[in-house]
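Per my numbering, the very first residue in the sequence shown carries number 4; after that it's consecutive.
Do not take every clue at face value.
[To be verified] For each label pair, taking beta carbons as the anchor points, the in silico distance ranges come out as:
1) K85 / G55: 16 to 26 Å
2) F115 / K17: 13 to 23 Å
3) G55 / R82: 18 to 28 Å
4) I34 / K85: 12 to 22 Å
Note that these hints are calculated values from the structure, not bench results. Even for Gly, the Cβ is constructed at its ideal location relative to N, Cα and C.
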Amino acid sequence: MAPIAKKSAKKGPKTTKKFIIDAKQPAADNIFDVSGFEKFLNEKIKVEGRVGNLGEIIKISQLGEGKVEIVAHNDLSGRYLKYLTKKYLKKMQLRDWLRVVSTSKGVYELKFFNVVNDQEEEDDE
């Protein structure tokens, strides 16, 4: 029998991902609290299966008016950030009016639902 060669775990270069969550529209209307959202992300993002274990791996900062930037030095997915954003909207009871849309790679935007007021004409006969 030939000896079985063990595969060595190759560590590639560290991946750095940058995500931006843009909430300019709701923040301008004073509906969405950006600093509260930033605090929520700090409390809820899981690193290695533990909540609140961000350390030096994930940095969350506020960019200007209504933008939150997340810089991750690990495998953080955009879907997870979208999930947490939806969870925050549900917690603040804003999920019925706002939605999370990916405008480009790594950029998520909070937009209002398009509400069309269709008034049906009543025919008096």
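Subject >> Cβ distance range 13 to 23 Å for F115 and K17, holds or violated >> reply: violated (38 Å)
Original post:
Lying within 12 to 22 Å: is that true of the beta-carbon distance I34 to K85?
Top reply: holds (19 Å)
Original post:
Is the gap between the beta carbons of G55 and R82 within 18 to 28 Å?
Top reply: holds (21 Å)
Subject >> K85 versus G55 beta-carbon gap, inside 16 to 26 Å or not >> reply: holds (20 Å)
In this structure, the one hint that does not hold is number 2.
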